[in-house]
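*Asks:* Listed here are the chains, written in short residue letters.
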Amino acid sequence: MALLKVNNVAKSFDGSPVLNGVSLSVEQGDVIAIIGPSGGGKTTFLRCLNFLETADQGTMKFDGKSYDMAHMSSKEINEVRRHTGFVFQNYNLFRNKTALQNVTEGLIVARKMNKEQAEEIGMRMLEKVGMADRANHYPSQMSGGQQQRTAIARALAQSPKIIYFDEPTSALDPELIGEVLSVMRDLANEGMTMIVVTHELEFAKQVSSKTIFLEGGVIVEEGPSKEFFAHPERPRTREFLRLEETRF
Amino acid sequence: MSQNILQLLLDSFWKILLPGITVTIPLTVISFSLAMVIAIITAMIQYAKIPVLRQLARFYIWVIRGTPLLVQLYVVFFGLPSIGIRVAAFPSAVTVFAINEGAYCAETMRAAIESVPAGQMEAGYCVGMNYLQIMRRIVLPQAFRTAFPPLFNSLIGMVKDTSLAANITVAEMFFATQRIAGRTYQFMALYLELALIYLIFSTVLTRLQALGEKRLNSYGGNKN
Numbered sequence: 000m001a002l003l004k005v006n007n008v009a010k011s012f013d014g015s016p017v018l019n020g021v022s023l024s025v026e027q028g029d030v031i032a033i034i035g036p037s038g039g040g041k042t043t044f045l046r047c048l049n050f051l052e053t054a055d056q057g058t059m060k061f062d063g064k065s066y067d068m069a070h071m072s073s074k075e076i077n078e079v080r081r082h083t084g085f086v087f088q089n090y091n092l093f094r095n096k097t098a099l100q101n102v103t104e105g106l107i108v109a110r111k112m113n114k115e116q117a118e119e120i121g122m123r124m125l126e127k128v129g130m131a132d133r134a135n136h137y138p139s140q141m142s143g144g145q146q147q148r149t150a151i152a153r154a155l156a157q158s159p160k161i162i163y164f165d166e167p168t169s170a171l172d173p174e175l176i177g178e179v180l181s182v183m184r185d186l187a188n189e190g191m192t193m194i195v196v197t198h199e200l201e202f203a204k205q206v207s208s209k210t211i212f213l214e215g216g217v218i219v220e221e222g223p224s225k226e227f228f229a230h231p232e233r234p235r236t237r238e239f240l241r242l243e244e245t246r247f
Numbered sequence: 000m001s002q003n004i005l006q007l008l009l010d011s012f013w014k015i016l017l018p019g020i021t022v023t024i025p026l027t028v029i030s031f032s033l034a035m036v037i038a039i040i041t042a043m044i045q046y047a048k049i050p051v052l053r054q055l056a057r058f059y060i061w062v063i064r065g066t067p068l069l070v071q072l073y074v075v076f077f078g079l080p081s082i083g084i085r086v087a088a089f090p091s092a093v094t095v096f097a098i099n100e101g102a103y104c105a106e107t108m109r110a111a112i113e114s115v116p117a118g119q120m121e122a123g124y125c126v127g128m129n130y131l132q133i134m135r136r137i138v139l140p141q142a143f144r145t146a147f148p149p150l151f152n153s154l155i156g157m158v159k160d161t162s163l164a165a166n167i168t169v170a171e172m173f174f175a176t177q178r179i180a181g182r183t184y185q186f187m188a189l190y191l192e193l194a195l196i197y198l199i200f201s202t203v204l205t206r207l208q209a210l211g212e213k214r215l216n217s218y219g220g221n222k223n
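Residue numbers (numbering that gives the first Met the number 0), protein chains in the order written: chain D, 0 to 247; chain C, 0 to 223.
It is worth saying that the hints were derived from the structure and are not from the lab.
Errors might be hidden in some of the hints.
Claimed, not checked - Partial list, derived from the structure: chain D residues whose beta carbon lies under 8 Å from chain C:
| no. | residue |
| --- | --- |
| 1 | Asn49 |
| 2 | Leu51 |
| 3 | Asn77 |
| 4 | Phe85 |
| 5 | Phe87 |
| 6 | Asn89 |
| 7 | Asn91 |
| 8 | Phe93 |
| 9 | Arg94 |
| 10 | Asn95 |
| 11 | Gly105 |
| 12 | Val108 |
| 13 | Arg110 |
| 14 | Ser139 |
| 15 | Arg153 |
All C-beta atoms, glycine included, are put in the ideal place defined by N, C-alpha and C.
Go ahead and model the full structure; you've got the sequences and the hints to work with.
*Replies:* This is how it looks when you write it as structure tokens:
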């Protein structure tokens, strides 16, 4: 049974449609890459999955429960968020908290975990992303790559069943992208279920199990990543991939 | 003659400073604390766009900012008794200063809260926190950092504004000076002395502001 199944998600902003019926099925352990041009609806789709945006229509089945995405109670939203992690393009670390506090904040405040236990988990997660030696640094004292790795540790601490990544490397200097991608690759290898909105086609090709090309609010093409990149079927997909590869 | 003035200044110094310590400072501290409570609540109501309450908040700010502080003092102290509400001078002053300053600080707080990126709120939601938890632990501390200098501005302004309370018989520093001046006719010397004491108060506060900002900068300000 699929871990996450969404059907026919639609969303418009001020009357202009951004998503026109997007459906997706995710199995445990899947790494799904969503690619496509800017403004195509990738980020909006991901944000709808975690209810940072409210979809106009769509149904969701997550972890065995069914939801109407357009009419979610705050209890239902919490239920879903409790088992998901979200990593933002611009990290969104709490600026008034250290790396460790960023990771433990949700555990202590939302899950009422005691401080010792939360900090033990926090340090373990920071170690996992190679940030243990920066535990007491504030976001303003970290590089972009360090901030994003901390943000990943924060997501991991929620012991999520799935993590959503919204263009996790797009705000990073080129030399910092690798350290974040390598953390994500490790997670994928450990079997973490992930949906990654990305412009890193090489990452999509190598790490993801399935790639989706989203444009104009619809899925233009999708398939197992190996086939997707080796033999894209749609002319538009081929054009996009060619443009991305030759953009330098 | 100048000998006499010097003696007068020395004698009056404590007579002016004492009500400063026993009236001006408590009046400021109590009023400003209440003003902060009003400001935070008013700012949050507007930020959260709570219907009806939000309009009430805007109305409150509109009325209070649009009318003179001195008139507000007169309305409460001299006006209310005519409709049967009699409030003593000091509590009247506290009420008016708190409500008045609350309106200005509400705008400062609102601007500061709005300056915290929406992503901070979203990140809080994504780790399972609710609105009030995120407000209290993430957004307000950052907003307070931004609001600190302008709020301190308001506080320094308020110390001096408390002199208006003399008009409603609160025996603070200005009131005390007026009485001494009325007896001795040394207006220039005494009011300059009073001005100097206010300047000392403000200078101490300015130092406190610098120390406070240093502490609040411990996390590198609000840089990303």
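*Asks:* Hint by hint, note whether the structure agrees.
*Replies:* Against the structure, the hints:
Checking asparagine 49(D) against chain C by beta carbon gives a least distance of about 6 Å; that is within 8 Å, so the hint holds. The restraint placing leucine 51(D) at the interface with chain C holds, with a minimum CB-CB distance near 5 Å, inside the 8 Å limit. Interface restraint check for asparagine 77(D): the shortest CB-CB distance to chain C comes to about 7 Å, inside 8 Å, so the restraint holds. With its C-beta approaching chain C no nearer than about 4 Å, phenylalanine 85(D) sits inside the 8 Å limit, and its interface hint holds.
Taking 8 Å as the C-beta contact cut-off toward chain C, the hint placing phenylalanine 87(D) at the interface holds, the least distance being around 6 Å. Here the hint on asparagine 89(D) is kept, as its CB sits about 6 Å from the closest CB of chain C, short of 8 Å. At its closest, the beta carbon of asparagine 91(D) sits 4 Å from a beta carbon of chain C; the interface hint therefore holds under the 8 Å criterion. Hint on phenylalanine 93(D) holds. Least Cβ distance to chain C is approximately 5 Å, under the 8 Å limit.
About 6 Å separates the beta-carbon of arginine 94(D) from the nearest beta-carbon of chain C, less than 8 Å, and the hint is met. Residue-level restraint check for asparagine 95(D) holds (minimum Cβ-Cβ distance to chain C is 5 Å; threshold 8 Å). Given hint, glycine 105(D) at the interface with chain C, holds; its Cβ is 3 Å from that chain's nearest Cβ, closer than 8 Å. The beta carbon of valine 108(D) comes within 5 Å of a beta carbon in chain C, closer than 8 Å, and the hint placing it at the interface holds.
The beta carbon of arginine 110(D) is positioned within 8 Å of a beta carbon in chain C (closest approach about 7 Å), and the interface hint is therefore held. Proximity of serine 139(D) to chain C holds as hinted, the smallest CB-CB distance being about 3 Å (cut-off 8 Å). With a cut of 8 Å, the hint placing arginine 153(D) at the interface with chain C holds, because the nearest CB-to-CB distance is about 6 Å.
Of the numbered hints stated above, none is contradicted by the structure.
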